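Please put together the full structure from these sequences, using the hints given.
Counting the sequence shown from 1 gives a position; the working numbering is that position plus 25.
In short, the hints are calculated from the structure, not lab data. Treat the numbers as computed from the prediction; the structure is a model and nothing was measured. Where hints are given, some of them may not hold.
Beta-carbon label-pair distances, calculated as ranges [stated by the list, open to error]:
id, residue 1, residue 2, range
1, Asn-79, Pro-35, 43 to 51 Å
2, Arg-112, Asp-158, 19 to 27 Å
3, Arg-82, Pro-181, 16 to 24 Å
4, Ser-169, Pro-68, 31 to 39 Å
Every residue gets a Cβ at the ideal spot worked out from N, C-alpha and C, and that includes glycine.
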Amino acid sequence: MARPAAAYEPAVPARPACAYTSCYCEENVWKLCEYIRSQDQYPLEEFYAIFISNDRRMIPLWKQKSGHGDEPVVWDYHVVLLHVSSREQNFIYDLDTVLPFPCPFDMYSVEAFRLDDGLRPEFHRKIRMIRADLYLKTFASDRSHMKDANGKWQKPPPSYPCIETAAVGFS
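Structure below.
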(Lines of atoms letter the chains of each structure in order from A and count residues from 1; the text may use other names and numbers.)
(Lines give C-alpha, C1' and ligand atoms only; values in the text may rest on other atoms or scores of the structure.)
Protein backbone atom coordinates (compact mmCIF):
# COMPACT_ATOMS: atom_id res chain seq x y z
CA MET A 1 0.00 0.00 0.00
CA ALA A 2 1.37 3.41 -1.00
CA ARG A 3 2.15 5.87 1.76
CA PRO A 4 0.39 9.25 1.59
CA ALA A 5 2.55 12.17 0.55
CA ALA A 6 3.93 14.20 3.43
CA ALA A 7 2.20 17.49 4.05
CA TYR A 8 3.88 20.61 2.71
CA GLU A 9 5.99 22.37 5.30
CA PRO A 10 5.92 26.15 4.77
CA ALA A 11 9.30 27.71 4.09
CA VAL A 12 8.62 30.72 6.33
CA PRO A 13 6.85 31.36 9.64
CA ALA A 14 3.10 31.96 9.83
CA ARG A 15 2.00 35.26 8.24
CA PRO A 16 1.85 37.29 11.53
CA ALA A 17 5.49 36.40 12.30
CA CYS A 18 6.83 37.53 8.89
CA ALA A 19 8.49 40.90 8.30
CA TYR A 20 5.76 42.94 6.62
CA THR A 21 5.10 46.55 5.65
CA SER A 22 1.98 47.42 3.69
CA CYS A 23 2.71 48.71 0.16
CA TYR A 24 6.33 47.50 0.18
CA CYS A 25 5.71 44.08 -1.39
CA GLU A 26 9.11 43.91 -3.11
CA GLU A 27 10.86 44.34 0.24
CA ASN A 28 8.48 41.91 1.97
CA VAL A 29 9.42 39.27 -0.61
CA TRP A 30 13.14 40.09 -0.23
CA LYS A 31 12.76 39.50 3.52
CA LEU A 32 11.01 36.16 2.88
CA CYS A 33 13.90 35.13 0.60
CA GLU A 34 16.42 36.20 3.24
CA TYR A 35 14.63 34.06 5.84
CA ILE A 36 14.51 31.02 3.53
CA ARG A 37 18.25 31.33 2.82
CA SER A 38 18.99 31.47 6.57
CA GLN A 39 16.98 28.32 7.36
CA ASP A 40 18.39 25.91 4.76
CA GLN A 41 15.09 23.95 4.81
CA TYR A 42 14.60 24.12 1.03
CA PRO A 43 17.07 24.89 -1.76
CA LEU A 44 16.87 28.64 -2.45
CA GLU A 45 16.91 27.81 -6.17
CA GLU A 46 13.32 26.52 -5.83
CA PHE A 47 12.06 30.06 -5.07
CA TYR A 48 11.32 33.00 -7.39
CA ALA A 49 10.35 36.62 -6.82
CA ILE A 50 7.44 37.19 -9.21
CA PHE A 51 6.92 40.78 -10.40
CA ILE A 52 3.45 41.42 -11.83
CA SER A 53 2.79 44.63 -13.75
CA ASN A 54 2.14 45.92 -17.26
CA ASP A 55 3.02 48.86 -19.49
CA ARG A 56 0.25 51.00 -17.98
CA ARG A 57 1.14 49.99 -14.41
CA MET A 58 -2.46 48.95 -13.72
CA ILE A 59 -2.91 45.33 -12.73
CA PRO A 60 -6.03 43.96 -11.04
CA LEU A 61 -5.64 41.36 -8.31
CA TRP A 62 -8.48 39.80 -6.38
CA LYS A 63 -8.49 38.49 -2.81
CA GLN A 64 -6.22 41.26 -1.53
CA LYS A 65 -6.43 42.54 2.07
CA SER A 66 -7.02 46.09 0.83
CA GLY A 67 -9.90 44.98 -1.43
CA HIS A 68 -13.60 45.24 -0.75
CA GLY A 69 -15.76 42.17 -1.27
CA ASP A 70 -15.17 40.58 -4.65
CA GLU A 71 -13.74 43.75 -6.21
CA PRO A 72 -10.13 43.67 -7.39
CA VAL A 73 -7.39 45.95 -6.13
CA VAL A 74 -5.60 47.68 -9.01
CA TRP A 75 -1.90 47.87 -8.17
CA ASP A 76 0.80 49.59 -10.20
CA TYR A 77 2.77 46.39 -9.59
CA HIS A 78 2.81 43.56 -7.11
CA VAL A 79 5.48 41.09 -6.02
CA VAL A 80 4.88 37.60 -4.63
CA LEU A 81 7.13 34.65 -3.90
CA LEU A 82 6.75 31.40 -5.83
CA HIS A 83 8.00 28.06 -4.51
CA VAL A 84 8.50 25.63 -7.37
CA SER A 85 8.49 22.63 -5.11
CA SER A 86 10.12 19.32 -5.91
CA ARG A 87 6.74 17.86 -4.92
CA GLU A 88 3.57 17.87 -7.01
CA GLN A 89 2.22 21.26 -5.88
CA ASN A 90 3.79 24.73 -6.16
CA PHE A 91 2.99 27.52 -3.68
CA ILE A 92 2.61 31.30 -3.67
CA TYR A 93 3.59 33.40 -0.67
CA ASP A 94 1.67 36.69 -0.78
CA LEU A 95 1.54 38.68 2.45
CA ASP A 96 -1.15 40.96 0.98
CA THR A 97 -3.74 38.30 0.16
CA VAL A 98 -6.64 36.98 2.19
CA LEU A 99 -6.01 33.56 0.65
CA PRO A 100 -4.05 30.93 2.61
CA PHE A 101 -0.37 31.59 3.33
CA PRO A 102 1.26 29.85 1.59
CA CYS A 103 -1.37 29.31 -1.07
CA PRO A 104 -1.36 26.44 -3.56
CA PHE A 105 -0.43 27.93 -6.93
CA ASP A 106 -3.53 26.58 -8.68
CA MET A 107 -5.84 28.20 -6.12
CA TYR A 108 -3.95 31.52 -6.20
CA SER A 109 -4.06 31.62 -10.02
CA VAL A 110 -7.81 31.14 -10.13
CA GLU A 111 -8.74 33.32 -7.14
CA ALA A 112 -6.24 36.21 -7.33
CA PHE A 113 -5.38 36.45 -11.04
CA ARG A 114 -8.58 35.26 -12.67
CA LEU A 115 -8.41 35.09 -16.47
CA ASP A 116 -7.13 37.81 -18.78
CA ASP A 117 -9.98 36.85 -21.17
CA GLY A 118 -12.44 38.84 -19.04
CA LEU A 119 -10.19 41.89 -18.69
CA ARG A 120 -9.83 44.92 -20.88
CA PRO A 121 -6.45 44.77 -22.67
CA GLU A 122 -4.99 47.63 -20.60
CA PHE A 123 -5.29 45.41 -17.52
CA HIS A 124 -3.53 42.35 -19.00
CA ARG A 125 -0.62 41.40 -16.78
CA LYS A 126 3.02 40.77 -17.52
CA ILE A 127 5.08 38.61 -15.22
CA ARG A 128 8.82 38.59 -14.58
CA MET A 129 10.40 35.78 -12.56
CA ILE A 130 13.69 36.31 -10.74
CA ARG A 131 15.41 33.43 -8.94
CA ALA A 132 15.49 34.13 -5.20
CA ASP A 133 19.27 33.80 -4.93
CA LEU A 134 19.71 36.41 -7.69
CA TYR A 135 17.04 38.64 -6.15
CA LEU A 136 18.89 38.66 -2.82
CA LYS A 137 22.14 39.58 -4.59
CA THR A 138 20.78 42.28 -6.89
CA PHE A 139 17.68 43.93 -5.42
CA ALA A 140 18.11 47.26 -3.70
CA SER A 141 15.79 50.16 -2.99
CA ASP A 142 16.25 53.65 -1.61
CA ARG A 143 12.41 53.83 -1.40
CA SER A 144 12.33 57.12 -3.33
CA HIS A 145 9.44 55.80 -5.45
CA MET A 146 7.33 55.92 -2.28
CA LYS A 147 7.79 59.67 -1.76
CA ASP A 148 5.64 62.37 -3.30
CA ALA A 149 6.97 65.45 -5.14
CA ASN A 150 7.56 67.19 -1.77
CA GLY A 151 9.58 64.28 -0.38
CA LYS A 152 6.80 63.14 1.97
CA TRP A 153 6.14 59.41 2.39
CA GLN A 154 3.04 58.22 0.51
CA LYS A 155 2.97 55.21 2.85
CA PRO A 156 5.08 54.73 6.00
CA PRO A 157 8.34 52.88 5.20
CA PRO A 158 9.56 49.70 6.89
CA SER A 159 11.29 50.13 10.25
CA TYR A 160 14.51 48.47 9.03
CA PRO A 161 17.14 50.27 6.90
CA CYS A 162 16.83 50.43 3.10
CA ILE A 163 17.89 47.26 1.32
CA GLU A 164 21.14 47.61 -0.56
CA THR A 165 23.54 45.02 -1.90
CA ALA A 166 27.26 44.99 -2.57
CA ALA A 167 26.52 44.18 -6.22
CA VAL A 168 24.09 47.02 -6.86
CA GLY A 169 23.76 49.64 -4.13
CA PHE A 170 20.38 51.31 -4.60
CA SER A 171 18.01 50.79 -7.54
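Tested hints:
1. Asn-79 x Pro-35: 43 to 51 Å: With a Cβ separation near 30 Å, Asn-79 and Pro-35 fall outside 43 to 51 Å, so the hint is violated.
2. Arg-112 x Asp-158: 19 to 27 Å: holds, 20 Å
3. Arg-82 x Pro-181: 16 to 24 Å: holds, 22 Å
4. Ser-169 x Pro-68: 31 to 39 Å: holds, 34 Å
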